[in-house]
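Participant: Each chain, written out:
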Amino acid sequence: MPVDAVRLVSLFLQQVEHSKPAWQPAADIYRLPTGWLVKMELAGVTAEDVQLNLRGRTLVVSGRRRDCCPDAGCRQSRMEIEYGRFEREIELPGDWQRATIETHFDNGMMLIRILKEVGV
Amino acid sequence: MSEPTPIPSNVSLPVLPLKNTVLFPTLFLPLGVGRDNSVAAVEAAVATEEKIILVVAQRNADDDRLDADALFSVGTRAVIKKMNRSDDAVEVMVQGIERVRIVRIDQVEPHLRAVVDSFPLPTDESPEIEALQREVLDAAARVVELAQPPQGPAAIMQMLSGTADPLRLTFLLGSMLSLDVAKEQALLEAPTRLAALQRIHEYLTHEAQILELKQQIASKAQGEMTREQRQYFLRQQMRAIQDELGERSPEGAEADVLREKLAAADLPEAVRVESDRELTRLERLPSQAPDYQVTRTWLELIAELPWKNSSDDVLDIERTQTILDEDHYGLTDVKERILEHLAVLKLNPKAKAPILCFVGPPGVGKTSLGHSIARSMSRKFERLSLGGMHDESELRGHRRTYIGAMPGRIIQAVRRAGVNNPMILLDEVDKLGRDFRGDPSAALLEVLDPAQNSTFRDNYLDLPFDLSKVFFVATANALDPLPRPLLDRLEIIRLSGYSEDEKLQIAKRYLIPRQRAESGLTVEQSDIPEKTIVALIRGYTREAGCRQLERTIGQVMRKLALRVARGSESRIAVSEELLVDLLGPEHFVPEDARREMPPGVATGMAWTEAGGEVLYIEAMQVPGSGELRITGQLGNIMQESARAAQSYVASHAGQLGIDRDKFKEGGVHIHVPAGAVPKDGPSAGVALVTALASLFTGRPARADTAMTGEITLTGLVLPIGGVKEKILGARRAGIKRIILPKANAKDIRDLPASVREDTKVIFAEKINDVLAAALEDGRA
Numbered sequence: 000m001p002v003d004a005v006r007l008v009s010l011f012l013q014q015v016e017h018s019k020p021a022w023q024p025a026a027d028i029y030r031l032p033t034g035w036l037v038k039m040e041l042a043g044v045t046a047e048d049v050q051l052n053l054r055g056r057t058l059v060v061s062g063r064r065r066d067c068c069p070d071a072g073c074r075q076s077r078m079e080i081e082y083g084r085f086e087r088e089i090e091l092p093g094d095w096q097r098a099t100i101e102t103h104f105d106n107g108m109m110l111i112r113i114l115k116e117v118g119v
Numbered sequence: 000m001s002e003p004t005p006i007p008s009n010v011s012l013p014v015l016p017l018k019n020t021v022l023f024p025t026l027f028l029p030l031g032v033g034r035d036n037s038v039a040a041v042e043a044a045v046a047t048e049e050k051i052i053l054v055v056a057q058r059n060a061d062d063d064r065l066d067a068d069a070l071f072s073v074g075t076r077a078v079i080k081k082m083n084r085s086d087d088a089v090e091v092m093v094q095g096i097e098r099v100r101i102v103r104i105d106q107v108e109p110h111l112r113a114v115v116d117s118f119p120l121p122t123d124e125s126p127e128i129e130a131l132q133r134e135v136l137d138a139a140a141r142v143v144e145l146a147q148p149p150q151g152p153a154a155i156m157q158m159l160s161g162t163a164d165p166l167r168l169t170f171l172l173g174s175m176l177s178l179d180v181a182k183e184q185a186l187l188e189a190p191t192r193l194a195a196l197q198r199i200h201e202y203l204t205h206e207a208q209i210l211e212l213k214q215q216i217a218s219k220a221q222g223e224m225t226r227e228q229r230q231y232f233l234r235q236q237m238r239a240i241q242d243e244l245g246e247r248s249p250e251g252a253e254a255d256v257l258r259e260k261l262a263a264a265d266l267p268e269a270v271r272v273e274s275d276r277e278l279t280r281l282e283r284l285p286s287q288a289p290d291y292q293v294t295r296t297w298l299e300l301i302a303e304l305p306w307k308n309s310s311d312d313v314l315d316i317e318r319t320q321t322i323l324d325e326d327h328y329g330l331t332d333v334k335e336r337i338l339e340h341l342a343v344l345k346l347n348p349k350a351k352a353p354i355l356c357f358v359g360p361p362g363v364g365k366t367s368l369g370h371s372i373a374r375s376m377s378r379k380f381e382r383l384s385l386g387g388m389h390d391e392s393e394l395r396g397h398r399r400t401y402i403g404a405m406p407g408r409i410i411q412a413v414r415r416a417g418v419n420n421p422m423i424l425l426d427e428v429d430k431l432g433r434d435f436r437g438d439p440s441a442a443l444l445e446v447l448d449p450a451q452n453s454t455f456r457d458n459y460l461d462l463p464f465d466l467s468k469v470f471f472v473a474t475a476n477a478l479d480p481l482p483r484p485l486l487d488r489l490e491i492i493r494l495s496g497y498s499e500d501e502k503l504q505i506a507k508r509y510l511i512p513r514q515r516a517e518s519g520l521t522v523e524q525s526d527i528p529e530k531t532i533v534a535l536i537r538g539y540t541r542e543a544g545c546r547q548l549e550r551t552i553g554q555v556m557r558k559l560a561l562r563v564a565r566g567s568e569s570r571i572a573v574s575e576e577l578l579v580d581l582l583g584p585e586h587f588v589p590e591d592a593r594r595e596m597p598p599g600v601a602t603g604m605a606w607t608e609a610g611g612e613v614l615y616i617e618a619m620q621v622p623g624s625g626e627l628r629i630t631g632q633l634g635n636i637m638q639e640s641a642r643a644a645q646s647y648v649a650s651h652a653g654q655l656g657i658d659r660d661k662f663k664e665g666g667v668h669i670h671v672p673a674g675a676v677p678k679d680g681p682s683a684g685v686a687l688v689t690a691l692a693s694l695f696t697g698r699p700a701r702a703d704t705a706m707t708g709e710i711t712l713t714g715l716v717l718p719i720g721g722v723k724e725k726i727l728g729a730r731r732a733g734i735k736r737i738i739l740p741k742a743n744a745k746d747i748r749d750l751p752a753s754v755r756e757d758t759k760v761i762f763a764e765k766i767n768d769v770l771a772a773a774l775e776d777g778r779a
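If you read the protein sequences in the order shown, they are chains A and B. If you read the first sequence in numbering that gives the first Met the number 0, its first letter stands for residue 0, the second for the next number, and so on. If you read the second sequence in numbering that gives the first Met the number 0, its first letter stands for residue 0, the second for the next number, and so on.
For reference, chain B alone in the conformation it holds in the complex (with noise of 0.2 Å):
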């Protein structure tokens, strides 16, 4: 080191206060000086001719107090190299000559000045010097290597090992550190020249640790990057490059599409979660990929189903009874359910929704039934058609593991539906199939079970959707297919067929109107009068339900359109005569039920899917053995009925007033017609007797009286089922006189009024009522 001009005494000097750094003797440091005072400095040695300057650390950065406290007091009396001012600064290059002391501030304004002492470097030696210098040669040799310098690490080693002066090494090794103030402060100060080495090794090697750190962290980091993240980050670049070119990727499009679509849902929070998951999945995902098209479509479905939309009901009683009145003609107990059940929800909202399941004969209205319900609570509905479905996985959904899978029925419905708490109605749940690919019944009953579906979960959305909102109806012909935990989940409700002046009062209301608007006819041109309604029941149509009857009257009006659009007529009543140019003969002759009954027939009813039916039983005696001979497909209830008949009648021979010897002329042949049409029950018990007893009697059973009834051995008559429907169906083949069972008193209640008064019903207890009450009189 050159030998500093001596300081003058009393002379003080203008102050660069430094923030974050120290200007070290021999050092060039370039500054950006900006504050008023530090520039005034500046101007103030730039002015003089030795351009010396005072350069004093602060001890705080952010402190704008300038005073003796707030400097570091010793200081490096530097010299200006250089100087140029900016617009709002001026950088200055300074250059340190030596260390010194603050003596005393002198001045505060317009900049610092102080008065100095000389606080020479230490110049102590010893081999510890020597040996530490060297040490520190090599913690800067690795600190540099780590560093990786632009320069390259053996240039500024050169110059490092270049610089003999232990204390020009330890300034020159400060101001390469990015060390803090106290620290480069501390070097400056140092006391002695094994103090400042001690110090600058002890940064160095700190130094060193930090950097082998922070490269072991960074080729972790890089060994941990594999070939699918390496993926993702080109990915991602792509996507940079397309965004500034405007040509975003049609998967990117997507992934944002969906996006935004589920922050718009309002998702509970556990599907926001596994939602998020998978759309960052997607996103890593080339659209080739077959999980793509999946993940996909099942990201379209969360964001479509709605996890907490639901339409508010109209619980509004009168209304929903004007329009249940509106829609259907009749079914009072249906109404009165879904009233009550409509009550029961305006009362408690959060009442659990039934599940009612309407059982009928086809063409009864238990579909549009259902979809006049959703329409009186003002719900959403979709119906699903069970008929014929056989696999599990279509009501559950398909794994997503299978591509090309899907949600189930009842999700997609829910979707469809686009609220929480749709009406759903299972359309012909009877017809469920069932085979090795699984029960769809068992399906049904977690999502008809109210303690389970609310966290039902579907195979493809595997996650818990509320079904519990869902008002369930399901239909059916049938209840028998039914497995029976299935059938503990419905509340049954029955209709039956309908009566000859329901129907009547129906095909007024409802066909008639609709068909007629169908075929563009005005009333004038289609006057169908209530008589000619009546024979067109009777005579062309036999069903419980009114479907035939409506294809009728439209095969009715599409003749009288004919008719009107030949021009020939403008106004057309239809009369019976009419109705038989219009559509042949009758297709079904009331007279069905048969006017001569020879002794040995006897007309009993029976209940089929398609409502009531009167049937006749022939029993005729054959020569040869004794034997009991049976037709007609009778099943195995039947035939033992049939016996237990057979057995009864002989034995009570006596009292029926049978010659015993008529058993021995041969045996006995029962015919039930059709004989295509297999048949089977008890209830045909109280018809056989009396076809056996008047066949052994002679006396004719009486041909406007239908029967129906269980019978005993011991000669009781037990109640059967289907009491409206058999009747029904007696008065449509025109039998007006029926006899029932004791026990099946009670169901005449649901017969319609104008049904129980043209009727006349007479019960019996025991076979001999029904005997006294079904035969003609012996005499005849």
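Bound conformation, chain A alone (with noise of 0.2 Å):
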């Protein structure tokens, strides 16, 4: 095998991960008693940039993290940071036919509530 065979396969392992130009914020996922507690890292998002949408058991949140250059004429040296579109596709055992969803943003974290609806 060619010398760069090692940076190819890892290379090829991690494409798995990611087969779609969109990023995926990171999450945390939490169990209540009537439903979920999702997570999210989405630091630099406005709610506005958020769209959420559950089909069947899948929660898919998606939307764009905007980039901004802090000051003019700055020169960029490191970009790690994902910027532009993302998307998170979340399985949520249970069903979810009626279900509230509250969304709220505490200090650049996105905390999505999928609550069933009581006495229906």
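Label pairs and their calculated CB-CB ranges:
| no. | chain 1 | residue 1 | chain 2 | residue 2 | range |
| --- | --- | --- | --- | --- | --- |
| 1 | A | Leu114 | B | Pro149 | 46 to 54 Å |
| 2 | B | Pro149 | A | Glu90 | 32 to 40 Å |
| 3 | A | Ala26 | B | Asp87 | 34 to 42 Å |
| 4 | A | Ala26 | B | Arg100 | 31 to 39 Å |
| 5 | A | Glu90 | B | Glu134 | 31 to 39 Å |
| 6 | B | Tyr231 | A | Ala25 | 54 to 62 Å |
| 7 | B | Arg64 | A | Arg56 | 53 to 61 Å |
| 8 | B | Gln241 | A | Ala25 | 54 to 62 Å |
| 9 | A | Glu90 | B | Ala39 | 39 to 47 Å |
| 10 | B | Gln221 | A | Arg54 | 56 to 64 Å |
| 11 | B | Asp116 | A | Arg54 | 27 to 35 Å |
| 12 | A | Ala25 | B | Leu244 | 53 to 61 Å |
| 13 | B | Arg229 | A | Glu90 | 53 to 61 Å |
| 14 | B | Asp87 | A | Leu114 | 54 to 62 Å |
Just so you know, these hints were derived from the structure itself, not from any lab. For clarity, every value in this text was computed on a predicted model and none was experimentally measured. Here a beta-carbon is modelled for each residue, glycine too, at the ideal position from N, C-alpha and C.
Join the two chains, each given in its own frame, into one complex according to the hints.
Facilitator: See below:
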């Protein structure tokens, strides 16, 4: 195998995780007595730019992180934060035909509560 | 695949040109960006919110001119995921989004910008695609199996088979294989999924074949690595480690030293090839191997032999003459022959060296003459004593298969000399032995043949060595023991004994000064006048050469030294009387020549290896039957000679004035003293006749006359050899009147002038002449 085999193959395995051009924000998931709490790392994203979509048992969080240059005339030397379109699909066991979704932004974290409608 | 965001028309994108690779949609690719234009493009892309950049492969990696023609027209719209700027380059991680076609380039500086149009990936479907996809997976499995990636084939295969989309599978495999840009670009531009799969299948099959072949070669090479090679590799590693530690193994150091020596030696090409081979072998041998020492000593010999190195001859005739005269008195013939050879060499430097053979009695200076020839020509001198050598391999070496094998003496001598044109003195060539181990004289035949010795092959050396420039000189006391073919190759130069006068000169010039210096005396303390030297030569020595004379002079010097050391005397002139005091009475009486000769005794002359001698032949009549009795250890030829003499005398009795009745008085007894020394040869014929004639006529033979010559029954006197030695021998015995066969008259020229003047030589053609000259008058 050629010398750069290691690089190529490790790159390869990476391809599986991110096969889509949109980036995936990290998420913590908590079980609530009546539903789920999904905490997502979405710093720098405004609430207007996020769309939530619940299709069956799949919660799809998508949106866009807009980049901004802090100071005029600056020259960027490193970029690690992912910008642009993001999309994250999370499977949540349960029947969510009738559910309420609450969202709340707290210091760069987006908290999404998916709760069963009680008494229906 | 997710649906890419639509491309805003008429908006140009910064362009990142790629060398050597292609970015496929959906795949990640880390890139190092170095070119200023590209860095500017990345910066421009990063500055936008979308971080979108167009990644296009260059048609030619070496091309720095970037315009529409230099790039492929199909590229990948990509997003920069990460970026890091280091001192001299920018690293970016890009992810392909979709395939696009470049519509136009609308900016070149500071970076390229291009307007693109969407060029969606094909979406054709057919069962054929499905079948081919499986086939591609199989081929990929084979490649992955053969390539043995560090992550293990299973992880990769799991990922590949989990990829449902045929184009994504194609792109994954395309980036995995080390394909060239054109092939990768062909995958990107594939018009249909089927075409893409067909192409990647072809590449995979090709790759699988190459990998299989590679593995075959590797396993074959491994199989061929025998135990010996393994040892060699281990040893090489050990050497490398020892080098690193500064502990070079002794054998490694030896091989290195040898390599240097061989490199420094000026070897002919054939020898160089052979020695290189042996040197490589040596390096692979452990030093304990028996072969190791053999090979090492052989290589040392190769390095030291003067293959091309020769000394320059000094061909100055005058100088040579001076040196020869300084070292040796007399020997004019020999010196002249050497000068002749030198003259030839001077006119024709390529002339083959002659092979001279000095023949003469011991002590006449054969060996030292060789020495001074070498000195006069400025050649290196090597002496090989062949006396008692009986093993052929001592001359030509042992084959290297034997442990302890050595090169022969000839090659050793050349090695010692350090030049390929030394003078080699083959001393005592007549004393070569010969037994079941071989005949060394046969080996000498090759060495001494100018036609053959340019490619002399020593058994040990096993390479041809050129001996043709070597000046060979052999010495011998007698030629009889030499085989004919060997004799044939030698140019014989005879050195006969020295006359008394020559000895006197030699003593005065060389022996006395040498012995005087040896015993630490001055000229005043040890003055030996000429008269004393003559007395010394006459009374205390009897030899052809000068060894005994030198010893005796040494004896005198030591006795003088004792006197001087005791302090009794400081100036001593050695008179003849003192000589008797020092050495005792004379050992040899010059009057060895008998003063009184009764009838029946005649003086003959003999030639021995030690020079000439006088020989008395005694004949006596004994009562009894008429038989001839011969004593004195005479050989067959001499006995026959005696019978011939008797027959001649008996048949010519009347003519000789002999009473025929005399023969009836009894038999004749002939005796030749000394009885213990065997004698042979025909040359005593005339002396035998003279003795018998004297016996029967009663006329004694003259005491001052010696004679030599072969006789025939008809009374002729035939020539004989060794005239000079015989005459000098007779002179030593005090005889100055010689009867020689007429045919030997020419040999008189060999005598020193002083001897010639002082000796009366009578030439005889017939026995009558001899008898007339030899017998006293009958009236006495």
